[in-house]
Amino acid sequence: MPKDALRVEALTVAFQGGRPVVRGVSFEIGPSEAFGLVGESGSGKSLTCRAILRLLPRGATAGGRVTYGNRSLLDLDNAAMQALRGSTIAMIFQDPMTALNPVLRVGDAIAQVISSHEGVGTRAARARALAMMERVGIRDAARRAAAYPHEFSGGMRQRIHIAMALAARPTLLLADEPTTALDVIVQAEILRLLEDLRREQGMSLLLVSHDFRVVAGLCDRVGVMYAGELVEVGPTRTILQQPEHPYTVGLMNSLPEAVAGERLRAIPGAPPDPHRLPRGCAFAPRCALAIDACGAAPIALSEVSAGHASRCIRTDRVDELRRGLAVASSPGA
Amino acid sequence: MLLTAESLTKAYAHRRGWAAPSGRAHHDGRDAVRPALTDASLSLERGESIGIVGESGSGKTTFARCVALLERPDAGRVLLDGVDLTRLRTGSLRRSRRRIQVVFQDPYSSLNPRLTVGSALREVLLVHSLVPRDQVARRVATLLDQVGMPAGAADRYPSDFSGGQRQRICIARALAAEPQVLIADEPVSALDVSIQAQILNLLADLRAQLALSMIFISHDLYVVRYIAPKIAVMFGGRIVEVLPAGVPLEHARHPYTQALLESRSRLEPGWLTQSRDLAADLATSLPAKGCPFRERCPHAFAPCRDIDPPALDIGEGHSVACHYATGAPTNVG
Numbered sequence: 001m002p003k004d005a006l007r008v009e010a011l012t013v014a015f016q017g018g019r020p021v022v023r024g025v026s027f028e029i030g031p032s033e034a035f036g037l038v039g040e041s042g043s044g045k046s047l048t049c050r051a052i053l054r055l056l057p058r059g060a061t062a063g064g065r066v067t068y069g070n071r072s073l074l075d076l077d078n079a080a081m082q083a084l085r086g087s088t089i090a091m092i093f094q095d096p097m098t099a100l101n102p103v104l105r106v107g108d109a110i111a112q113v114i115s116s117h118e119g120v121g122t123r124a125a126r127a128r129a130l131a132m133m134e135r136v137g138i139r140d141a142a143r144r145a146a147a148y149p150h151e152f153s154g155g156m157r158q159r160i161h162i163a164m165a166l167a168a169r170p171t172l173l174l175a176d177e178p179t180t181a182l183d184v185i186v187q188a189e190i191l192r193l194l195e196d197l198r199r200e201q202g203m204s205l206l207l208v209s210h211d212f213r214v215v216a217g218l219c220d221r222v223g224v225m226y227a228g229e230l231v232e233v234g235p236t237r238t239i240l241q242q243p244e245h246p247y248t249v250g251l252m253n254s255l256p257e258a259v260a261g262e263r264l265r266a267i268p269g270a271p272p273d274p275h276r277l278p279r280g281c282a283f284a285p286r287c288a289l290a291i292d293a294c295g296a297a298p299i300a301l302s303e304v305s306a307g308h309a310s311r312c313i314r315t316d317r318v319d320e321l322r323r324g325l326a327v328a329s330s331p332g333a
Numbered sequence: 001m002l003l004t005a006e007s008l009t010k011a012y013a014h015r016r017g018w019a020a021p022s023g024r025a026h027h028d029g030r031d032a033v034r035p036a037l038t039d040a041s042l043s044l045e046r047g048e049s050i051g052i053v054g055e056s057g058s059g060k061t062t063f064a065r066c067v068a069l070l071e072r073p074d075a076g077r078v079l080l081d082g083v084d085l086t087r088l089r090t091g092s093l094r095r096s097r098r099r100i101q102v103v104f105q106d107p108y109s110s111l112n113p114r115l116t117v118g119s120a121l122r123e124v125l126l127v128h129s130l131v132p133r134d135q136v137a138r139r140v141a142t143l144l145d146q147v148g149m150p151a152g153a154a155d156r157y158p159s160d161f162s163g164g165q166r167q168r169i170c171i172a173r174a175l176a177a178e179p180q181v182l183i184a185d186e187p188v189s190a191l192d193v194s195i196q197a198q199i200l201n202l203l204a205d206l207r208a209q210l211a212l213s214m215i216f217i218s219h220d221l222y223v224v225r226y227i228a229p230k231i232a233v234m235f236g237g238r239i240v241e242v243l244p245a246g247v248p249l250e251h252a253r254h255p256y257t258q259a260l261l262e263s264r265s266r267l268e269p270g271w272l273t274q275s276r277d278l279a280a281d282l283a284t285s286l287p288a289k290g291c292p293f294r295e296r297c298p299h300a301f302a303p304c305r306d307i308d309p310p311a312l313d314i315g316e317g318h319s320v321a322c323h324y325a326t327g328a329p330t331n332v333g
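Note that the protein sequences, when read in sequence, are chains S and H.
Each residue of the first sequence is one higher than the one before, counting from 1 in my numbering.
Each residue of the second sequence is one higher than the one before, counting from 1 in my numbering.
Isolated chain S, as found in the complex:
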């Protein structure tokens, strides 16, 4: 099967009567590529992810263009979209309990995905469900298949959720904070499982997380979102080692493990209210490098090196933040 690319162009998401909370997000995920979206709560990263599968909350509408291969996802009729969900593009969520049916035995839940998408018989679907459970690391799968979701621990439940999402062999997986509810060590194990499965199946991945460390483990490229916009995008290694947007630098400086032994250089203030955004750069009010021009007009995402772009007109001075020379002050969360 030829592999497809996901192309998101100028995506907007707005709630009824409100200003857009996702504002012109564009990115592309190549075949078998893993792309991460990082941002804090309210940055629009989850809505971006949900808009792709048209799983937005009630009252929210998406604009712009989302194409997967030659299909324009925002224009498909509901039946065509439903046929695509799960079989071609699957999604996993932070809390597997919301995705698993509590009154369905987990083996049946996985088999149901297979039979409904591929039209195979019950027996064949069950056999494949068992194989899938084994593949995601569930010991004694034949016995555990008859258990209900609540009988599993959080990590195991997430494994079952993954088995269900990947059962119909999708070519693109959307993962929204898949390990946020899990303990550090379990988190690493689930991520490793996702990575192995992705390589085996040659799947593309969109991983949404608030945690740079999760994205660093899995993704080839990463986009950083702030106040509904992509503020920086580029290869993961480059962004981790040489971030070119003051917000990205601030996020890194906020992590105790990134600045061993030093005082944390916290970002002052709080993210803006989506209905009272500044005219120019949304981050300018919290930025140590901000000048008048930053607030005057919207700032374009512009390339700083090959494949690495930053929505900042002060990139020539970002180095000072990385070295901690310009320390932002003003207290208050």
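No incorrect hints appear here.
Beta-carbon label-pair distances, calculated as ranges:
1. S:Ala10 - H:Pro244: 54 to 62 Å
2. H:Leu93 - S:Glu200: 54 to 62 Å
3. S:Gly30 - H:Gly270: 15 to 23 Å
Everything labelled a hint here was simulated from the structure, so no lab data went into it.
Predicted, not measured: the structure shown is a model, and the values here were computed from it.
All residues carry an ideal CB built from backbone N, CA and C; glycine is no exception.
For chain S, the structure is supplied; the task is to place chain H on it using the hints.
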């Protein structure tokens, strides 16, 4: 010694469905109830900070609640300035309670939505008669200033504030009681990364300015290390390792602490493929007998199955509860 917790143990009753509570042990002892907290001892000197790190279910919150006498331990003592709090009756316990204050994880549920910030703080001052009535307003202003909130916050309600600001208010309320010990239980886990750093810096500053003695709890080893030079690691209801100030993390001897440390390089792209699997989520519950970590431990050997390893001092206050690290007991049987 300001505060000493001695051999604290706390078990919660398990109920199995509608049947009577079952004390029956399964053949492998799995259904026997492992206490939430077993034989946990820790001491805190005046002005000292101790960090407690552990995964969910490790007993760190139960430990904190027992130390603050929010929960009566089943066994063990809590000595504050030589007085055993577990032996106090309700009235005198209430008066002593002021001296140990707790800041909780969720700043949304720990403030009364119908009290203005000022009245929440005033209440503490008046209940404990901490300042003369005519000085209450001034004290409230000082407290707000100490946590980086504007004086005008006193007349507003918790709902007017963001998560980070609410956590500042919770900290101010704890400080209002002029505690000898401040317990912060996952105080930043519910907050966004950039706000976390602000609160961590605030706690570090307050600790230095007010010479606070603090117990700081988190699931993130690096967050704990940022606040506290001395670290206690919990697993399965036990304190499995205590790393005193000055002993680098890399000198940790318990296999669980070492596993936590493997997450050190998680800001390096590709860390995922370099760390190893502990099958942490595969064990459905912890073994009731022997070392709680043995089923995940790469070094487990025979004694780990039968004997719960005691915490042994391996020099300079560095203690570890592990047969592998300290040498197995020779007189088995």
